[in-house]
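Asker: Taking the hints into account, I'd like the entire structure generated from these sequences.
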Amino acid sequence: MSRILHRWAALPLALVLSLVAISGAWLSLLPLNVAGAGDSSLDLGQFAAQVVAAVPATEQIRRTPAGQVTAVSFDPAVGMVETVIDQASGAALGPVAETPFATWVLDLHRALFLGDAGRIVVIVASLAMVALVVSGLALAARRMGGWRAIFLPVRGGAASGRWHLMIARLGAPALVLSSLTALWMAGATFGIVPEGTMPPEMTPVSGTTGMRLDAMSALAGVPVTDLLQLQFPRAGDANAIYTLETTAGIGYIDQGTGALLGWADRSLTDRIMDTVHLLHTGEGAALLGLLLGLSVLAMPLLSGTGIAVWLAGRSRKPKLKNTAAEEAETIVLVGSEGGTTWEFARALQAAITAAGGTVHLAPMSDFEPARYRAARRVVVMAASYGDGDAPASAKGFLDRVGQMPKPPAAPLAVLGFGDRAFPKFCAYAEAVARAAEAAGWHMLMPMDYIDAQAQAPFKTWVGRLADAMGVSLDLHAPASHEEMVTLQLISRRDFGAQSQAPTSILRFQLPRISLMDRLRKRGFARFAAGDLLGVLPVGDSRLRYYSLASGMQDGFVEICVRKQPGGLCSGQLTSLNPGDQVRALLRPNPGFHAAEGPEPLILIGAGAGVGPLAGFARANRQKRPIHLYFGTRSAEGEMLFGSELTEWRAEGRLASLTTAFSRSQPRTYVQDALRQDGARVASLIAQGARVMICGGRDMALGVAEAFDEILAPMNLNPVLLKAEGRYVEDIF
2 MSRILHRWAA
12 LPLALVLSLV
22 AISGAWLSLL
32 PLNVAGAGDS
42 SLDLGQFAAQ
52 VVAAVPATEQ
62 IRRTPAGQVT
72 AVSFDPAVGM
82 VETVIDQASG
92 AALGPVAETP
102 FATWVLDLHR
112 ALFLGDAGRI
122 VVIVASLAMV
132 ALVVSGLALA
142 ARRMGGWRAI
152 FLPVRGGAAS
162 GRWHLMIARL
172 GAPALVLSSL
182 TALWMAGATF
192 GIVPEGTMPP
202 EMTPVSGTTG
212 MRLDAMSALA
222 GVPVTDLLQL
232 QFPRAGDANA
242 IYTLETTAGI
252 GYIDQGTGAL
262 LGWADRSLTD
272 RIMDTVHLLH
282 TGEGAALLGL
292 LLGLSVLAMP
302 LLSGTGIAVW
312 LAGRSRKPKL
322 KNTAAEEAET
332 IVLVGSEGGT
342 TWEFARALQA
352 AITAAGGTVH
362 LAPMSDFEPA
372 RYRAARRVVV
382 MAASYGDGDA
392 PASAKGFLDR
402 VGQMPKPPAA
412 PLAVLGFGDR
422 AFPKFCAYAE
432 AVARAAEAAG
442 WHMLMPMDYI
452 DAQAQAPFKT
462 WVGRLADAMG
472 VSLDLHAPAS
482 HEEMVTLQLI
492 SRRDFGAQSQ
502 APTSILRFQL
512 PRISLMDRLR
522 KRGFARFAAG
532 DLLGVLPVGD
542 SRLRYYSLAS
552 GMQDGFVEIC
562 VRKQPGGLCS
572 GQLTSLNPGD
582 QVRALLRPNP
592 GFHAAEGPEP
602 LILIGAGAGV
612 GPLAGFARAN
622 RQKRPIHLYF
632 GTRSAEGEML
642 FGSELTEWRA
652 EGRLASLTTA
662 FSRSQPRTYV
672 QDALRQDGAR
682 VASLIAQGAR
692 VMICGGRDMA
702 LGVAEAFDEI
712 LAPMNLNPVL
722 LKAEGRYVED
732 IF
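Read in our numbering, the sequence shown has 183 at position 182, and its numbers run on one by one without any break.
Careful, some of the hints might be misleading.
List of simulated lysine-lysine pairs, BS3-like, C-alpha gap at most 27 Å [as the list claims (entries may be wrong)]:
no.: 1; residue 1: K396; residue 2: K425
no.: 2; residue 1: K624; residue 2: K723
no.: 3; residue 1: K723; residue 2: K460
Calculated from the structure, these hints are not laboratory results.
Answerer: Set out below in structure tokens:
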């Protein structure tokens with residue numbers, strides 16, 4: 002709920018909120034240098050007499066909260082004139098400088114030049130601001146691991162997201178303060194706030210005139226700094242009176258005797274309004290005004306970074322090629338936060354399509370059972386977010402299930418995606434299954450789980466789904482033959498022959514890229530180390546995926562392949578010679594990219610798993626601190642990228658290189674090297690380092706155990722780092 006409220010309160014009002022914030026910041030700086038402000042040794046009667054002497058036609062004297070005093074007079078030639086008065090002496094300093102720009106900004110800030118309609122828009126924007134801050138802080142607490150951790154250093158994730166959170170934490174108090182005070186002031190404008198001081202009861206006037214201001218007992222002893230305004234009686238009207246407003250109250254003064262005819266203390270509402278005005282504008286407190294002005298500038302910055310976060314999220318949403326929901330036999334609904342679950346869903350869609358079926362693939366948030374008229378089955382593939390919450394593309398799904406008048410006729414299959422390192426593994430998918438059963442929805446097959454994006458259990462589950470459907474499904478059939486390209490091998494380097502673990506670094510020529518792919522930045526027009534190359538072996542229809550060790554900027558396609566006993570694809574690849582060709586396609590893998598940022602990277606890989614990690618180092622032209630821990634069997638003939646690693650270390654692309662050899666004496670694995678280097682690893686984590694691991698499952702489990710030990714004194718562990726996006730794995 003917090004994310005929906007935050008997103009949809011922010012996006013439509015980003016421009017309004019930014020305009021109000023920028024104009025408010027500018028206005029808050031205006032009172033910093035006020036002409037005529039200062040202390041006065043005169044009481045109000047003496048001061049008023051001096052003002053009248055300087056401006057004979059004075060009709061009103063008023064003082065702003067910032068301390069500027071002006072006299073309002075009438076000139077038959079030009080109309081009303083406002084003169085700045087020196088508060089210390091009562092002397093005239095000259096007319097108030099007309100600043101059309103200041104008036105323009107004030108009208109913009111208060112009502113967007115739209116009068117009452119604009120004021121209503123500003124009120125709505127202020128309410129939205131409060132909602133944004135509250136929901137944003139709730140999201141921040143969730144991201145940081147709880148309210149106690151909300152002000153810890155922000156680590157991991159995209160730069161726009163980190164800046165958005167940091168700016169929000171700094172600006173939130175001022176934004177809430179400005180919004181709430183604006184709402185109070187707007188309420189006063191529309192008569193919603195209780196009325197202020199009521200006019201006092203007045204004794205009869207004397208009907209005489211001519212008492213000098215400096216002789217009036219009602220003005221004697223009143224400090225000029227207490228003045229709000231002094232309204233003069235109409236000229237020639239003996240029954241007219243002076244009206245005095247001060248910070249203490251409102252009173253009426255007889256112009257003939259100088260006596261006080263009536264007095265009423267300022268009400269609590271007025272005193273609250275004074276405080277609200279001070280807190281909103283900073284008038285009368287220059288430092289507060291400066292701080293408020295600088296703080297509310299957080300809003301346009303938040304709008305910019307927030308839109309960047311939103312656009313980045315939209316760019317990760319898959320572009321779907323679908324059968325219409327009304328015509329599809331299989332409905333596949335996906336709940337995903339970072340996009341990984343969509344890859345599994347696409348593979349399932351491709352397999353069912355290749356078997357002659359029709360599939361409608363959609364986010365869970367698009368769940369519309371009334372449209373599934375031809376459906377024979379509904380498949381839900383759901384990841385979990387945070388503490389078992391709904392992921393981004395599943396918002397509202399459980400509510401819709403609970404509101405169904407009757408369950409769909411098509412039975413349901415639920416597959417949960419998660420990581421068993423987290424306490425609430427697949428908790429959201431389990432909630433989906435419970436809600437469906439409670440609604441009476443028939444289950445096609447028992448709910449199942451996929452841990453850490455593992456391919457083997459997914460293939461097994463697809464086999465059970467195929468049995469339930471009564472068809473044969475080839476899971477790894479390519480989604481579209483139009484995506485396949487021919488890659489030609491440029492060079493190969495072989496390692497591991499002595500240890501019967503032959504591994505090759507294969508470098509392919511970059512394929513020809515179509516103009517449409519270049520314009521859309523898709524396929525081989527845009528890839529990075531860590532993305533996946535799907536290779537189609539000869540005589541098979543199942544793709545095998547390998548992590549890329551190169552990016553588009555390198556000008557070639559490079560992978561590391563270890564020959565597996567009896568492996569069809571690895572056998573064909575490791576037997577290629579320069580000039581030979583393979584059929585392949587590209588699959589983005591954004592969850593395993595070296596995100597931009599100054600924070601250190603701790604890269605941990607073993608064997609062929611060093612491939613994408615080497616790609617990260619190769620691309621590190623900015624010399625970001627990267628620390629590589631590389632495990633292999635021995636230094637002789639097993640050091641993949643050995644010469645490059647030495648070169649990158651010398652160039653600064655690698656800050657450090659630590660190797661571990663499992664077949665040399667003493668035997669050492671990467672997890673042992675991490676433990677030996679525990680103090681430095683802990684220091685890097687404290688600096689915000691991100692951990693990236695690539696290799697076999699056993700190695701990854703050993704590394705996780707080592708990190709548990711290293712981070713225990715810091716009250717951290719891999720689970721918490723994963724929640725922050727600072728511990729990612731590519732395991733095979």
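Asker: Could you work out which earlier hints the structure fails to respect and list their numbers in ascending sequence?
Answerer: none
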